[in-house]
Each structure stands twice: as C-alpha cells, then as structure tokens.
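Next come the chains, spelled out residue by residue.
Number of protein chains: 4
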Amino acid sequence: MNFASDNTAGAHPAVLEAMVAAGSGAVGSYGADPWSERMTAALSQWFEHEVAVFPVATGGAANALALAQLTPPWSAVFCHRESHIHVDECGAPEFYTGGAKLVTLGAPGAKMTAHELAAAMADYPKGVVHRVQPGAVSITNATECGTVYDPADVASIADVAHDAGLGLHMDGARFANALVHLGCTPADLTWRAGVDALSLGFTKNGAVAAEAVVFFDPARAADFGYRRKRGGHLFSKSRFMAAQFLAMLEGDLWRELAGAANEAATALGEAARGAGYAPVYPVQANEVFLSLPVALAARLREAGARFYPWTPESGETGLYRFVCSFATEPDEVDAFADRLKFSGS
Amino acid sequence: MNFASDNTAGAHPAVLEAMVAAGSGAVGSYGADPWSERMTAALSQWFEHEVAVFPVATGGAANALALAQLTPPWSAVFCHRESHIHVDECGAPEFYTGGAKLVTLGAPGAKMTAHELAAAMADYPKGVVHRVQPGAVSITNATECGTVYDPADVASIADVAHDAGLGLHMDGARFANALVHLGCTPADLTWRAGVDALSLGFTKNGAVAAEAVVFFDPARAADFGYRRKRGGHLFSKSRFMAAQFLAMLEGDLWRELAGAANEAATALGEAARGAGYAPVYPVQANEVFLSLPVALAARLREAGARFYPWTPESGETGLYRFVCSFATEPDEVDAFADRLKFSGS
Amino acid sequence: MNFASDNTAGAHPAVLEAMVAAGSGAVGSYGADPWSERMTAALSQWFEHEVAVFPVATGGAANALALAQLTPPWSAVFCHRESHIHVDECGAPEFYTGGAKLVTLGAPGAKMTAHELAAAMADYPKGVVHRVQPGAVSITNATECGTVYDPADVASIADVAHDAGLGLHMDGARFANALVHLGCTPADLTWRAGVDALSLGFTKNGAVAAEAVVFFDPARAADFGYRRKRGGHLFSKSRFMAAQFLAMLEGDLWRELAGAANEAATALGEAARGAGYAPVYPVQANEVFLSLPVALAARLREAGARFYPWTPESGETGLYRFVCSFATEPDEVDAFADRLKFSGS
Amino acid sequence: MNFASDNTAGAHPAVLEAMVAAGSGAVGSYGADPWSERMTAALSQWFEHEVAVFPVATGGAANALALAQLTPPWSAVFCHRESHIHVDECGAPEFYTGGAKLVTLGAPGAKMTAHELAAAMADYPKGVVHRVQPGAVSITNATECGTVYDPADVASIADVAHDAGLGLHMDGARFANALVHLGCTPADLTWRAGVDALSLGFTKNGAVAAEAVVFFDPARAADFGYRRKRGGHLFSKSRFMAAQFLAMLEGDLWRELAGAANEAATALGEAARGAGYAPVYPVQANEVFLSLPVALAARLREAGARFYPWTPESGETGLYRFVCSFATEPDEVDAFADRLKFSGS
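Protein chains in written order, with this note's numbering: chain L, 1 to 345; chain U, 1 to 345; chain C, 1 to 345; chain X, 1 to 345.
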C-alpha cells in the first residue's frame with residue numbers, strides 16, 4: 001500500500017534487462033554510441049518529427065535546463081502555482097536560468113487556462129526595463145493534481161504564448177500517463193499542439209532514471225549541449241540512458257506501464273468514492289486526491305498505507321495524495337479500499 | 001583495441017546485477033531507501049571515518065558541486081593546468097560556484113607541488129577587494145596524466161591549503177586506480193592526508209554511473225543537499241545509485257577492476273617501451289602517454305586502434321593518450337603491441 | 001506638475017556643492033579617503049550604533065546585494081507582492097542572490113503583517129530538500145504605496161523572521177520620508193526594531209546618487225566588500241558618494257527635504273479629497289494614490305501634469321500614483337488641485 | 001607626489017559645474033532626459049557612427065556587462081594575463097557572464113599579439129562540448145602597462161577574433177590617453193579597427209564617475225538594458241551621468257586632460273631615465289613603470305611619494321607603477337625627480 005509516489009516503485013524488468021544487454025563492449029562515450037543514435041531515431045519516429053534529444057539525470061534537471069534554453073535570465077516564466085518547477089525543485093529553474101522569475105497563476109487543483117495566462121502576462125509588459133520580461137510558459141502534463149491537458153487545452157495556451165513570442169515548455173514527468181488517458185499520439189500532445197520543449201520522463205513510469213529534454217525544432221536546441229555539460233548532465237556511458245528509452249518504446253512498454261498505473265488510480269478513486277470519499281480532482285492519470293479526516297489518515301498509515309498530505313495537515317480534515325505506479329498491485333488497491341471503508345466507520 | 005577512454009567500456013556484470021536486484025519493491029525515494037543507508041555505512045567503513053555521501057550523475061557534477069561547497073563565488077580555485085575541472089568540464093565549476101576563477105599552475109605532465117601552490121597563492125593576497133580570494137585547492141588522483149599523488153604528496157599540498165584556511169578537494173575519477181597503485185587505504189589517501197572533499201568516481205572503474213561527493217567532516221556538508229537538488233542531481237530512485245557503490249565495495253570489486261586496468265596499462269607501456277616508444281610519463285595508473293610519429297598514429301588507427309591525441313596534432317610527432325579499463329583484454333594489448341612494432345618499422 | 005516620481009527632481013544645491021567641495025586634491029581611492037571615513041562615522045552617530053556602510057550606485061543594487069548577503073541561493077525571500085524588489089528591479093535580487101525565489105504576500109496597498117508572514121513561511125518548511133528554504137524577509141519603508149511601518153510594525157515582523165533564524169532587510173529608498181512621518185529616530189526604525197540590513201537611499205530625497213547598504217552588525221557584513229566589487233559597485237572616487245551622504249546629514253538636510261516632500265503630498269491629498277477624490281491609501285509619506293476616471297486622467301496629462309498609472313489602465317476608472325519630492329513647489333500642488341476641480345466638473 | 005593611481009585625483013571643475021548645471025528642474029528619469037539624449041548624440045558624433053551608450057557606475061561594471069553581452073556562460077574570454085578584467089575586478093566578469101572562463105595570454109608588459117591570440121584560441125576548438133567555447137576577445141587600451149595599441153594592432157587582433165566569429169571588446173578606462181598618444185580619431189581606434197564594444201571611461205580622466213558601455217552596432221546591444229538594470233546600474237537620475245560625458249566632450253576637454261596626464265608621465269619617465277632608472281615599458285600613456293631598489297622605494301615613500309608595487313615586493317629590486325593624472329602638477333613631477341636623484345645617490 002505504498003501510494004507515496006510513483007518513484008517509490010523500482011524499475012520494470014525489461015528496462016533493467018536492456019541495461020544489462022547494453023553493458024558489454026567498447027563504444028563511444030558521451031552519446032557517440034549506437035544506443036544513443038537508435039534512441040534519437042526511435043523518438044523521432046515516436047513523435048513523427050525530427051527531434052533533438054538530451055538525456056539528463058532527473059526531471060528537475062530536464063525542466064530547469066529546458067527553461068534556461070527557452071528564456072534569458074531577465075525573464076518571467078509563467079507556470080501554475082502548484083507546478084513542480086515552482087514548488088518542488090528547490091529553485092533549480094532559477095539556478096539554471098541565471099535567476100529568471102517564476103510567475104505563478106491558476107487555481108489550486110485546476111489546469112492553467114489560456115485566459116489566466118494572458119492576464120498574468122499583462123502584468124509583464126514588453127520593453128519595460130524595470131520588469132522581468134515575458135520569457136516562457138511551462139505546463140505540466142499530466143498535472144501535479146492528476147488531471148490532463150488535452151491537445152486543445154495545450155494549443156490554446158500555446159497560442160497565447162506564441163502570439164507573444166514565448167516558447168512553451170511541457171513538464172512531462174507523467175507524459176505517458178497523459179497520453180494513455182487521452183488516447184492520442186505523442187505528436188498530438190506536443191509539437192502539433194505547439195509545445196517547443198518537452199521534459200520527457202520515463203522514470204516514474206518504470207525506468208531507473210530516464211529523463212530527457214526533447215526539442216521539436218533542432219534550431220531551438222543550438223548550444224544546448226554546452227548547457228547540459230556545464231550542469232554535469234552529460235553521462236559518459238550514455239548507452240545506459242539510451243537503452244532505457246529504447247526499452248520503454250519497444251513494444252509500447254510505456255503504454256502498458258502507464259496504463260496499469262492509470263487503471264490502479266481509477267480503481268482506487270472509485271473505491272474511495274464508494275467509501276464516501278469522492279476524489280477531489282478528476283482522476284485522469286495515476287494520482288488520486290482525497291479529502292480525509294486527519295484521524296482517518298493516521299489510522300490508514302498505521303495500517304501500513306504510505307501517502308503524503310498535499311497541503312500541511314491542520315484542522316480536522318486534510319487533503320491527501322495517493323499515487324499509483326506501474327507496479328501497484330490490484331491487491332494493494334483492494335486492501336486500501338477495505339481499510340478506507342473499515343477505518344472510516 | 002579501444003584505448004580512447006576508460007568510459008568507452010561498458011559496466012561490470014556484478015554492478016548490473018546489483019541494479020537488477022535492487023529493482024523490485026517499493027521503498028522511499030530521494031535517498032530514503034535501505035540501499036542508500038547501506039551505502040553510507042559501507043563507505044564510512046571503507047574510509048574508516050564517518051562520511052557524508054551525495055551521489056550525483058557525473059564526475060563533472062561531483063567536482064563542480066564539491067568546489068561550490070568549499071568556496072564562495074569571489075574566490076580562486078587553485079588547480080593543475082591540465083586538470084579535468086579546468087580543461088574538460090565546459091566551465092561546470094564556474095557555473096556551480098557562481099563564477100569562481102580557476103587559477104592554473106604546475107608543469108605539463110607533472111603533479112602539482114606544494115611549492116608551486118604556495119607561489120600561486122601569493123598572487124592572490126587575502127583581503128584585497130580587487131582580486132578574487134584564495135578559496136580552495138583541487139588535485140586529481142590519479143592525475144590526468146596517469147600518475148599518482150601518494151599520501152605524502154597530498155599532505156604537503158593539504159598543509160599549504162589548510163595553513164591559508166582553504167579546503168582541499170580531490171577529483172577521484174580514478175581514485176581506485178590510485179589506491180591500487182599505492183597499495184594504501186582509502187583513509188590514507190584522503191582524510192588522513194588532509195582531503196576535505198572527494199569526488200569519488202566508480203564509473204570509469206566499471207559502474208554504469210556511480211559518482212558521489214564525499215565529505216569527511218559532516219559539518220562541511222551543511223546545506224549541500226540543497227545545492228545538489230538545485231543542480232538536478234538528486235535521483236528519485238536513489239537505490240540504483242547506491243546499489244552500484246555497494247557492488248563496487250562488495251568483495252573489493254573496485255580493487256579487482258582497477259587492478260586489471262592498471263596491469264593492462266603497465267603491459268601496454270612496457271610493450272611500447274620495447275618497441276622504442278618509452279612512455280612519456282610514469283605509468284602508475286591506467287593511462288599511457290606515448291610520443292609517436294603522426295604517421296604511425298594514423299596507421300594504428302587504420303588498424304582499428306582507438307585513442308586520442310593529448311595535444312593538438314601538429315608537426316611530425318604527436319603526444320597520444322592510451323587508456324585501459326577493467327574490460328581491456330590482454331589480447332587487445334598484445335595486438336596493439338604487435339601493431340606498434342610492425343607499424344613503426 | 002511633475003508627479004511622475006521623486007527621481008524626476010534634480011539634486012539639492014547643498015548636495016552638489018558638497019560634491020564640488022570634495023573635488024580637489026589627491027586622496028585614496030576605493031573608500032580609503034577622509035570623506036568615506038567621515039561618512040561612516042556620521043552614519044554611526046545617526047544610527048546611534050556602529051554600522052558598516054557600503055555605498056552603491058542605485059537602490060536596486062543596494063537591495064539585491066543586501067539580500068544576497070543575507071540569504072543563500074536556495075532560499076525564499078519573503079516580501080510584499082507590490083514590493084519594488086519584486087516588481088521593479090528586473091530580477092536584480094534573483095541575479096545577485098544566484099537565483100533565490102521571491103515569495104510574495106500581503107494585500108495590495110497594505111503593509112505586510114506578521115501574521116501574513118508567518119503563514120507564508122509555513123509553506124516553506126525547513127529541511128525539506130525539494131523546496132527553497134526560508135532565507136530572509138524584506139519590507140519597504142516607506143512602502144511603495146506611501147504608507148509607513150512604525151517601529152512596532154517592524155518589530156512584529158522582525159520577531160517572526162528572527163524566530164525562524166531569518167534576517168530582516170528594509171528597503172529604505174524613502175527611509176527619510178518614513179522617519180519624518182513617524183518623528184522617531186533612525187535607530188528606532190532599524191536596529192532597535194530588529195532590522196539587520198538597510199538599503200539607505202537619499203537619491204529620491206535630493207541627492208545625485210546616494211545609496212548604501214547599511215549593516216548594524218559588522219559580522220553580518222563579512223565578505224560583503226567582495227560582493228559589491230563583483231557587482232561593479234565599488235566606486236574608485238568614493239569621496240563623491242560619501243560627500244553626498246555627509247551633505248544630507250549636515251544640519252539634518254534629509255529631514256528638511258523629506259519634510260517638504262511629505263508636506264506637499266499631504267497638501268495634494270487634501271486637495272484631491274476636497275475635489276471629491278479621497279486618497280485610496282493613507283498619505284503618510286510623499287506619495288498619493290487616487291482613483292480617477294480615465295478620461296479625467298487624460299485631461300490632467302493634457303494640462304501638463306505628469307504621473308503614472310499604478311495598475312494598467314483599463315475600464316473607466318484607473319488607479320494613479322502622484323509623487324512629491326523635495327523640489328515640489330506649493331504652486332505645482334495648487335495648480336494641480338485647480339485642474340482636478342475644474343477637470344472633474 | 002601622489003602617483004598611486006589616476007583615480008586618486010578629484011574631478012575637473014568643468015565636470016562638476018556641468019553636474020551642478022544639470023541639477024535643477026524636473027525631467028524624465030532612467031535615461032529619458034534631455035542630457036542623456038544629447039550624450040548619445042554627442043558620442044555618435046564623436047565616434048562618427050551611430051552608437052548605443054549605456055552609462056554604468058564603474059569601469060568594472062562596464063567591462064563585465066559588455067563581456068556578458070558578447071558571450072554566453074559556456075565560453076572563453078581571451079585576454080592579456082595582466083588585464084584588469086582578470087586581475088583587478090574580483091571576478092566581476094565571471095559573475096556577470098554567468099561563469100565564463102578568462103583565458104589569459106601574452107607576455108608581461110607587452111601587448112597581446114594576433115599570433116598569441118590565434119595560438120590560445122587553438123586550445124579551445126569549436127564544437128567540443130567538454131571545453132568552453134571561444135566567446136570573445138578583450139584588450140585594454142591604453143594597456144595596464146601604459147602602452148598603446150594603435151589601430152593596426154587592434155585590427156590585426158579583430159581579424160583573428162572576427163574570423164572565428166568572436167566579438168572584440170576594448171577596455172577603455174584610459175581610452176583618452178591612448179587617443180592622445182596616437183593622435184587618431186575615436187573612430188579609427190574602435191569600430192574602424194573592428195571593436196564591437198567599448199568600455200568608455202572618463203573617470204580616471206577627470207570625471208566623478210563617467211563610465212559607459214558603447215556598442216557600435218545597435219543590434220549587438222539588444223536586451224542590454226535588462227542586463228544593466230539587473231546589475232543595478234541604471235541610474236534613476238541619469239542626467240548626472242550624461243552631464244559628465246557632455247562636459248568631457250565639450251571643447252575637447254577629454255583631450256586637454258589626457259594630454260596633461262600623458263605629458264606628466266613622459267616628463268616623469270624622462271626624469272627617471274636621467275636618474276638612471278629608464279622606464280621598463282615605453283611611456284605612451286600616463287603610466288610609468290620603474291625598476292627600483294626596494295630601499296629606494298621606501299625612501300621615496302617616506303618623502304611623501306605615493307605609488308604601488310606592480311609585483312609583490314621581494315628581493316632587493318621591485319617593479320613600481322607611477323600614474324599621472326589630469327591633476328598632476330609639474331611641480332610634483334619635479335619634486336619626485338629630485339627625490340629620485342637624491343635618494344638614489
């Protein structure tokens with residue numbers, strides 16, 4: 001009953017096997033190896049578009065480096081107030097961008113809207129030297145609240161961004177979960193909808209550590225290699241990064257794993273609803289948010305469940321996050337559902 | 001005959017197996033897992049000292065983050081003119097330190113001496129606001145030229161550094177190779193000799209990606225976790241980093257692998273000497289530097305050998321680097337030796 | 001009728017004369033001159049406390065450098081949502097701090113309260129590596145809305161900050177205006193109330209360019225000289241900076257000039273109230289905020305009045321800021337009052 | 001007998017008078033004032049070219065900001081080993097560029113040559129991700145050793161820089177001294193010779209604080225205003241900066257003042273030669289370097305002379321720098337010459 005995060009799961013055996021298979025033989029380092037070449041080719045095919053791909057160690061690095069590429073230090077990055085880049089990366093975007101300002105917007109639990117974005121941008125007029133300049137827009141898909149921007153949502157935001165000359169970044173730490181929910185193609189959710197740079201994360205979806213910055217316009221990636229190197233994110237034995245991406249794409253493993261995680265979350269949400277605790281946000285990806293009595297939450301923990309409060313616990317009721325992963329077993333969900341019914345009574 | 005670098009080798013099966021074994025089950029993320037705890041305990045035992053250990057993605061990240069911890073932005077970092085941090089990290093130390101200045105010293109191919117260090121430090125008087133301030137000293141062991149600082153060498157440099165209040169950093173990308181050459185303990189070569197922070201790298205020695213910053217005084221590591229996080233180097237599934245370190249320490253695998261690499265280099269150096277090309281620098285670790293006719297180097301490459309020119313190729317003779325790894329086969333060395341004799345004739 | 005800002009005024013003749021008087025003779029540079037020594041002594045007397053004083057070029061530099069001294073890059077700086085450091089310095093604090101995050105709070109037009117501060121700090125728990133850490137608190141006095149924190153206000157905020165180990169910075173671009181309104185001593189409004197670092201600005205009050213960072217605990221200023229130098233803010237001919245501060249303190253010129261500005265603003269506010277446009281915020285310093293029909297504002301501009309919209313002009317009514325300076329003539333206020341009555345009818 | 005630096009002099013009365021004259025009346029701030037407009041026009045005329053001019057507080061700021069504009073963080077800035085940007089700015093260029101690396105070259109006391117530059121650049125091949133990339137070239141004119149690059153010197157360096165796609169920066173803290181020595185036009189020594197950005201400093205030449213970054217191609221200045229603002233170098237009362245530049249250009253005051261300084265230095269150099277101490281470097285601008293017995297230097301200081309050792313004093317003989325300014329009186333030079341003869345005997 002570990003619903004603390006999808007990164008508390010291990011790695012899928014197929015990913016590990018791919019790493020083992022990549023382990024022997026001498027090849028070029030720093031990306032000049034056959035696996036890396038195949039990775040770029042495979043991702044270009046996946047996205048139905050030529051892409052420039054830069055594996056890095058973590059999703060935080062991918063986000064921060066992507067934003068640094070899109071925007072100068074004297075800029076504002078527009079993002080949701082609950083976005084991971086703002087809340088959970090200890091200021092990595094500020095570090096990599098050289099001190100850009102993250103301007104937050106949107107309502108808790110909701111997706112950013114094009115209207116909200118336009119309103120926020122109005123506070124940062126172009127050419128006023130006293131104020132940071134509009135620089136980039138970043139959205140997370142699936143969101144930190146387990147909801148999903150569909151291609152039309154993305155396109156409406158991209159339009160506002162592009163009209164003002166800003167690039168659009170997507171934090172895709174749970175990109176596969178979003179894709180599975182929507183049933184659309186990677187292309188539909190990215191470049192066709194106007195995404196300029198994607199942080200593509202397969203770690204939460206079952207890899208060991210497979211994160212990359214993907215640019216859909218190679219010109220946008222100019223000099224990015226130097227940024228990555230300076231950040232210490234150019235792996236010498238890059239083959240092991242590439243092998244993970246290849247394993248995820250092979251036979252659509254990504255879809256199978258994200259599907260399993262999403263299904264588990266849906267089941268958990270339905271079970272909670274049945275127990276009288278309807279999910280606070282729509283369960284579209286692999287996360288469920290429940291408003292529970294604090295005392296109940298404590299009993300669930302005592303029973304072995306692992307999960308985090310989403311907001312600081314105060315008062316009698318708290319908001320809690322439950323995350324399912326590719327490795328979540330139906331039994332775990334059932335056991336949790338039982339506890340929820342039992343504990344709540 | 002791939003002598004381009006020790007990172008062109010793959011990973012040792014024992015390391016990969018350890019990762020596979022770590023792959024199942026739900027555990028805490030971001031270092032709150034049993035493997036990470038065991039790693040810290042095992043390294044503390046290895047160093048015979050309580051250590052604070054921070055795995056990161058690459059040796060470049062380890063170096064840059066360690067230096068940022070030791071020294072403020074307005075400082076000079078004294079290092080060898082051929083040091084990896086100066087020559088091969090695209091300015092990562094400057095990025096992470098917020099713009100410190102790397103002050104280079106020493107003669108090509110030689111180890112930094114305490115005397116040279118003291119002389120260089122004299123150019124940066126303390127308290128002169130116009131000049132960057134002495135901040136830290138960094139040495140590489142084994143060096144970029146395949147030679148090794150012994151504990152007395154390290155201590156003499158540490159004395160100069162510490163007398164001026166500076167911390168001493170050691171870039172240990174080939175730390176195991178140095179240890180094997182010296183036959184001393186990890187403690188002898190680090191904290192007992194005055195090292196304050198070590199970049200401990202096992203990647204070149206057969207891991208997938210196992211690099212860490214090690215502090216021998218936990219107080220020196222205060223707030224380092226925030227630095228690492230901001231750099232995007234806190235792995236969510238940290239178990240896979242820890243598992244690699246554990247595999248390397250298990251049964252002294254590190255010693256076996258570094259020993260093999262050093263032996264191969266020694267053999268290659270002897271073979272070269274026999275062919276009339278005595279190694280330019282003493283072969284103490286796993287690297288051999290040969291001064292060869294450019295035309296000969298070209299023929300060797302045609303024959304399938306892989307290696308890098310150490311200095312830009314110009315004129316008739318070039319300086320070339322040959323690196324052996326844990327995976328270098330005696331056959332490869334023999335084949336190369338044959339070619340060297342044959343080609344040279 | 002120039003109410004655009006107090007920096008549209010020139011400089012007071014006494015300040016310029018002091019600069020002229022300082023202009024001849026050879027003295028030490030970079031602060032090693034008699035004027036600089038006297039400045040520090042005079043300010044120490046003014047503050048009734050030993051102070052470390054660092055003149056810099058602008059208030060923006062003073063703020064950014066002070067914050068960089070108080071807090072590391074991985075921190076949150078708590079400030080008002082309308083604070084100059086957040087809104088009007090193009091990210092200078094982010095640049096100088098190495099990417100700290102400005103966390104904004106408070107209601108528009110209102111002073112920050114200790115309660116609001118404590119609530120905001122609760123979102124940034126200490127020791128959570130994923131989140132920026134509480135680093136410093138910054139308030140502006142007089143505020144950007146022309147109101148004033150009294151010593152008790154400051155002390156209540158300082159208590160919250162200090163209880164959490166954070167330093168308190170005060171942006172004193174209009175410090176003299178605040179002092180005159182309160183009738184208290186500089187000591188009462190700063191170190192006695194818990195201020196750790198003050199950006200002391202006399203430029204708006206009639207100097208050419210007299211801004212300085214003042215630390216009340218010299219230990220807090222350690223190494224600050226290097227920060228300032230790296231920012232390019234150590235003037236070679238420092239005597240001219242010091243001469244301006246001395247001129248301002250001489251015979252309490254600062255009080256006379258700030259008094260004149262405050263009085264002009266009070267008169268302007270009263271006149272506006274008489275015309276049916278009561279000031280939106282209490283007129284405590286030298287600024288008046290009026291809610292006016294946009295059409296009226298346009299007519300006032302046509303009549304030669306200069307002032308800025310405080311919020312983007314949209315709809316029929318706008319919020320406008322009117323700033324008085326030491327040089328504002330009673331005639332200007334009267335003329336404006338006349339136009340306001342006439343135009344509004 | 002103050003030969004410590006040209007910034008130990010005060011300011012010329014004409015400059016101070018211009019500031020006084022600019023002191024009254026309300027005008028736009030932050031550069032939107034008539035003086036600033038006139039300054040840009042006057043400098044465009046002076047340079048016979050449209051220029052973008054950005055006043056800043058110090059020469060250090062001008063240099064660092066100019067380099068940050070010319071080159072990205074992952075780059076090498078090629079400069080002389082004795083250059084002010086490397087030796088005397090406490091790492092300001094590293095701070096503003098976001099951590100670029102200053103690569104030093106050239107022989108002590110000598111001007112950088114095109115050949116040396118090309119050789120240094122060869123160590124930084126383009127496109128090698130492990131190494132900082134060639135970014136910009138910076139020369140100082142007049143040099144730190146009192147010598148002068150003539151237009152042909154500059155052009156030969158500019159050719160090497162431009163051929164590699166690098167911009168050329170000139171540190172013109174003593175630009176007027178160079179111009180006077182050469183008798184050429186400002187245009188000849190800058191854009192006509194290939195200079196892309198100039199740090200134009202009149203402070204040492206008699207201003208209070210008049211430093212600016214000058215771009216000869218306005219496109220090169222894009223977004224520079226944000227950089228300057230973030231550095232805290234956009235003066236609110238910009239009129240006072242502009243007034244100083246205008247005063248310096250008015251009636252060619254710059255030439256008169258630099259001429260006086262150069263003449264004094266020439267006289268001092270001749271006197272020293274007469275006393276048996278021939279200047280170590282050609283006296284072309286306003287600096288004289290003498291190799292003197294340390295004991296003699298001590299006696300000169302006792303006699304009231306002020307000057308700095310150029311290299312750390314050790315042994316029996318030292319290298320000393322003597323700087324003359326617009327305010328150096330012939331009597332001072334004569335008195336010093338007398339002492340030199342007398343003391344040396």
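No wet-lab data here; the hints were simulated from the structure.
Any given hint might turn out to be false.
Identical copies go unnamed one by one, so any copy, or any two together, can satisfy a pair.
[Unchecked claim] Result set (EDC-like, lysine to aspartate or glutamate): computed pairs, CA atoms no more than 20 Å apart in a straight line:
1. K111 to E37
2. K341 to E48
3. K111 to D217
4. K341 to D123
5. K341 to E17
6. K126 to D223
7. K126 to E50
8. K341 to D153
9. K341 to E329
10. K111 to E250
11. K126 to E37
Results of checking the hints against the structure:
Taking the shortest alpha-carbon separations for K111 and E37, neither the intra-copy value of 36 Å nor the inter-copy value of 38 Å comes in at or below 20 Å. For a Cα distance limit of 20 Å, the shortest separation of K341 from E48 qualifies neither inside one copy, at 47 Å, nor across copies, at 52 Å. Proximity of K111 and D217 under a CA criterion of 20 Å is satisfied in neither setting, with 26 Å inside one chain copy and 44 Å between copies. In this assembly of identical chains, the alpha carbons of K341 and D123 never lie at most 20 Å apart, being 48 Å within a copy and 32 Å across copies at closest.
In this assembly of identical chains, the alpha carbons of K341 and E17 never lie at most 20 Å apart, being 40 Å within a copy and 42 Å across copies at closest. For the identical chains of this complex, K126 and D223 are inter-copy neighbours only, at 11 Å across copies versus 26 Å inside a copy, given an alpha-carbon limit of 20 Å. For a Cα distance limit of 20 Å, the shortest separation of K126 from E50 qualifies neither inside one copy, at 32 Å, nor across copies, at 24 Å. Within a single copy, K341 and D153 get their C-alpha atoms no closer than 36 Å, and across copies no closer than 50 Å, so neither meets the 20 Å cut-off.
For a Cα distance limit of 20 Å, the shortest separation of K341 from E329 inside one copy, 19 Å, qualifies, whereas the shortest one across copies, 63 Å, does not. Within a single copy, K111 and E250 get their C-alpha atoms no closer than 32 Å, and across copies no closer than 49 Å, so neither meets the 20 Å cut-off. Proximity of K126 and E37 under a CA criterion of 20 Å is satisfied in neither setting, with 41 Å inside one chain copy and 22 Å between copies.
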